[in-house]
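Asker: If you want the building blocks of each chain, they are given just below.
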Amino acid sequence: MTLVASSTATRLADISGSLNVIHDPEQLAAYEIDRMLPAAAVKPGSRDEISEVVKFCAAEKLAVVPCGARSNLSMGAPLARYDVALDLTRLDHILAYDPGDLTLSVEPGIPLQRLAGVLAGHRQFLPLAVPFLNRATVGGTIAAGVHSPLRQAYGTARDFLLGLEFITGQGAHAKSGGLVVKNVAGYDLHKLMIGAMGTLGVITKLNFRTFPALSATRVFTASFTSAENALSLRQRAVQSPLRLLTMDILSPGAVEVLAGQVAARFEAGPAPVDRLPPGKWAFHATFPTAGTATARYERELKHMAEESGCDWCEICGDDRNPASFGRLREFVPIVLESSPATVVVKMSVRPSKLGGILASVADVAQKNDVRWAAAVGGLGVSYFSLLPSARDEQARLSVEKICEKVLADCARLSGNATIPWCPSEWKSSMKIWGPERADFEQMRKLKNVFDPVGILAPGRFAGGI
Amino acid sequence: MKFAAQRLNRIHHGAGFAALHAALAICRERRIVWLPLVDAPERRDYSAEGYSRIKAICAAKMNAKLLHDLKELLGPDAVLHRPEELMLYEYDGSVETARPDCVVFPRTTADVEGIVRLAQQHKAPLVGRGAGTGLSGGAIARHGGIVTSFARMNRILEIDAENQIARVQPGVVNSDLSAAVAHLGLHFAPDPSSQKACTIGGNVSENSGGPHTLAYGVTTNHVLALEVVLPTGELLHLGNSALDSPGYDLTGLFVGSEGTFGLVTEITVKLTRLPEAVKTLLAIFDTIDDATETVAEITARGITPAACEMLDGWTIRAVEDYVHAGFPLDCAAILLIDVDGLREVTEVEAAEVEDVCRVHRAREVRVARDARERDLLWKGRKNAFGAAGRVSPSYYTQDGVIPRTKLPATLRRIGEISRKYNLQIGNVFHAGDGNLHPIILFDERNQQQFRDTVAAADEIIAFCVQAGGSITGEHGVGMEKDRLMPLIFSEADLSLMQSVRGIFNPEGLLNPGKIFPDSKGCGEIYARPRREGAAPSARQS
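As you go down the protein sequences, you meet chains Z and S in turn. So in this note's numbering, the last one in the first sequence is 695, and the numbering has no gaps at all. So in this note's numbering, the last one in the second sequence is 521, and the numbering has no gaps at all.
Check before you lean on any hint, since a few could be wrong.
List of simulated lysine-lysine pairs, DSS-like, C-alpha gap at most 30 Å [said to hold, decoys possible]:
#1 Z:LYS631 <-> Z:LYS657
#2 Z:LYS661 <-> Z:LYS583
#3 Z:LYS583 <-> Z:LYS597
#4 S:LYS250 <-> Z:LYS661
#5 Z:LYS532 <-> Z:LYS285
#6 S:LYS250 <-> Z:LYS583
#7 Z:LYS583 <-> Z:LYS657
#8 Z:LYS291 <-> Z:LYS657
#9 Z:LYS635 <-> Z:LYS657
#10 S:LYS250 <-> Z:LYS635
#11 Z:LYS631 <-> Z:LYS661
#12 Z:LYS435 <-> Z:LYS675
#13 Z:LYS675 <-> S:LYS250
#14 S:LYS176 <-> Z:LYS532
#15 S:LYS51 <-> Z:LYS675
FYI, nobody ran anything at the bench for these hints, they're computed from the structure.
Assemble the whole structure, with the sequences as input and the hints as a guide.
Answerer: What follows is the structure, given as structure tokens:
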């Protein structure tokens, strides 16, 4: 351990106690980000301790990365510096929960699964069915800005996060929003913190609106020879009165990955994707069951699928729902383990342009001979994953060529494209945050207000923030 | 012109807030100048002396060069500066007033950029304005300067039915957008009670809500992208019609910033599919507690109604007298509940809601049989504020939020405050989300009563905060509640927010004197003498 590392650890131990500071390199390996290790990791036990840690780091100009269960740390651009990992898992309490008001206030380190258990006791839930659900924390999920297949019906955290408390880059306590479902007092600073990857502040408290738990749900799957047909079912479904809970389209590669060994490890149990004909596109939707409405959902979905030219369709019994939904939710973690060098491009276009973009990415992937799998959300947000068979220079060149084309195509269609997941050593040559946008300049100014010294996860975010 | 004069005359004799707005709309449409209440000399000083006094003050304040440049830029018909013209723009739907130095009417984004450049050159304050229906003084030129009215930027630029997206100019009226896409089975979901007059630009600035936001969300949940002109003259495009723009959510930050960051010149919104079926239920209760318990149990049974509104006994009687919606005159509270969605689901949920109402001793539950009956029930709710205007010279509608479970205690407290100040207070609220709108009746000619009204309103808001709520649910802070911000935010919170404002609006030229408490704002509302003849105040939600 260097002298600097040793004095950092000592000072952090003064704040949070030596038991809550890690400086042993072996243990620090757990906090690795893009092959960088911090000098120390600290697990503060209170908001005040976090504030002290950040103040110390600001004074010493030490780069801090806040983290929870570390599920999403590989997202984003490479860090410019990394000195201290700020582990928030000790802040894992429910601070207030009033089922009658549908409001919930929690600390960032609480695992989503534990929280879900408490809410289920009151027949409520948070629609955060996100990747890495089995270990992810609430704070990490919000900071990473990952979303859930339930977005189709419930929106993203932006739609149900009511307020936040956080510590700025200078160690000051700040808050925005409140703990009521309707509130327009002050600026919505908390919206900035969603998906900010810890670059604006350290989240210390999150207030949510909760939702009545879903009654039993069922899954509808259909298979198609072409993406175009599957997309025409999407269009019919959004124009129908049906209110689907999830709606996704899977490429033949995605069907294969979700039916494979890796997927079974993530979410065991019989999934309908096992039964989908291989080599075909699939349409996957979840719908609520409610009396006579159930029969109507089934009837109309089948009818619309036939009209769209499906080869095969099935409505899943209760035994198969959880695994089916779970594998879809875990699409990203599954593809990350399905290749030695997975690259995931997040693409977003107006839904009517999905056909064009999918044809183009399929073409370029095929020409470069890289295996790919795409999960296309009903709202136009897709995860296009490239699964090269090796992690070498040749694979990197192919993948880079494909990504360039995909980013250019998305830009041409007025859409967005970023590369949230990518092998560490390839990051420097990829446009992780997509093309430079005019508003990045405003974002840099914001960063400067929240974190003037530039110690919070420097370099990880869009625009070099 | 004659036709307009006749209509104005009729409207004038009708009185009331809605009438005044209709009159303003006609004035704008015909580009004519109207002197409101000109036949009521006791309410306004229209003597030659008074007129020249006001004119002299305005002229002194308004730089002649700036006026000339504005006219050069926009044409003479797009700049108002005579005192009698400016009177129409000195207020919004709140009890606040302040006269701008001039009002300009851009037609394009380039016009707005030009206006901003001139304001910047002359260091003139700049305030954006939609229809002026706001309820917290957001569109009022508190420190004078240029009011930029978006009345002529009212085109729908794009309707993309397939992707359920519309792109509009800020002056498009909220309900006009819904009407324009109704034949496609779509609508713009945020529905403030002023939706027939208020503009989408105004909705974006204030992050407006409405009765149906319980299930559909407020404005921010429906805005995808913005084009804005910063007071520095920079043109920015925030967000994208495709979801999840990379970087910080600047769109989310701008929505609800009350016109203090930039002038919005284009808005891309989501359109929502109209529900297949809607059921409206009216439940009548003999006690307020029964009504509030009903709301709690509807939630407990896992039902999220599209809307859940409550009116108290006093309001019911005022409304019934006006609208004749068939509300019983001797009850303590009614709940007006919408459930919508798939036909089959709606049937089941309506039956369950009805059951909950009966379990909690509803005296009667009526289910609207058709669209006509539904509209009549909703007309009763949407005209609650107009009804208050009929029985009192003025009224002040508050906007507080509480956790729903604190509803009974809050209503008891409002009752105590009403008795303490000897002021009649009616209660209308979005019971589903705990957003209260107490209506305090007063006569603004009575200075003491006006002061008592403000004090009573502040006490109500202080109680909301104590109960864990907020100082505003959907009306905004503006110049009405800036002094109340310290009730919920620390000095450090406010200072961070002000630093954020400084990024976009570094010199504070855009909408100065709003949201944040400053030495001028504190107590101003108490000290400011009410000018004789201020437009009758009326607020609605």
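Asker: Does each hint hold? Answer for all of them.
Answerer: Against the structure, the hints come out as follows:
| no. | hint | in the structure |
| --- | --- | --- |
| 1 | Z:LYS631 <-> Z:LYS657 | holds, 14 Å |
| 2 | Z:LYS661 <-> Z:LYS583 | holds, 22 Å |
| 3 | Z:LYS583 <-> Z:LYS597 | holds, 22 Å |
| 4 | S:LYS250 <-> Z:LYS661 | holds, 29 Å |
| 5 | Z:LYS532 <-> Z:LYS285 | violated, 59 Å |
| 6 | S:LYS250 <-> Z:LYS583 | holds, 17 Å |
| 7 | Z:LYS583 <-> Z:LYS657 | holds, 28 Å |
| 8 | Z:LYS291 <-> Z:LYS657 | holds, 25 Å |
| 9 | Z:LYS635 <-> Z:LYS657 | holds, 17 Å |
| 10 | S:LYS250 <-> Z:LYS635 | holds, 29 Å |
| 11 | Z:LYS631 <-> Z:LYS661 | holds, 12 Å |
| 12 | Z:LYS435 <-> Z:LYS675 | holds, 25 Å |
| 13 | Z:LYS675 <-> S:LYS250 | holds, 29 Å |
| 14 | S:LYS176 <-> Z:LYS532 | violated, 41 Å |
| 15 | S:LYS51 <-> Z:LYS675 | violated, 35 Å |
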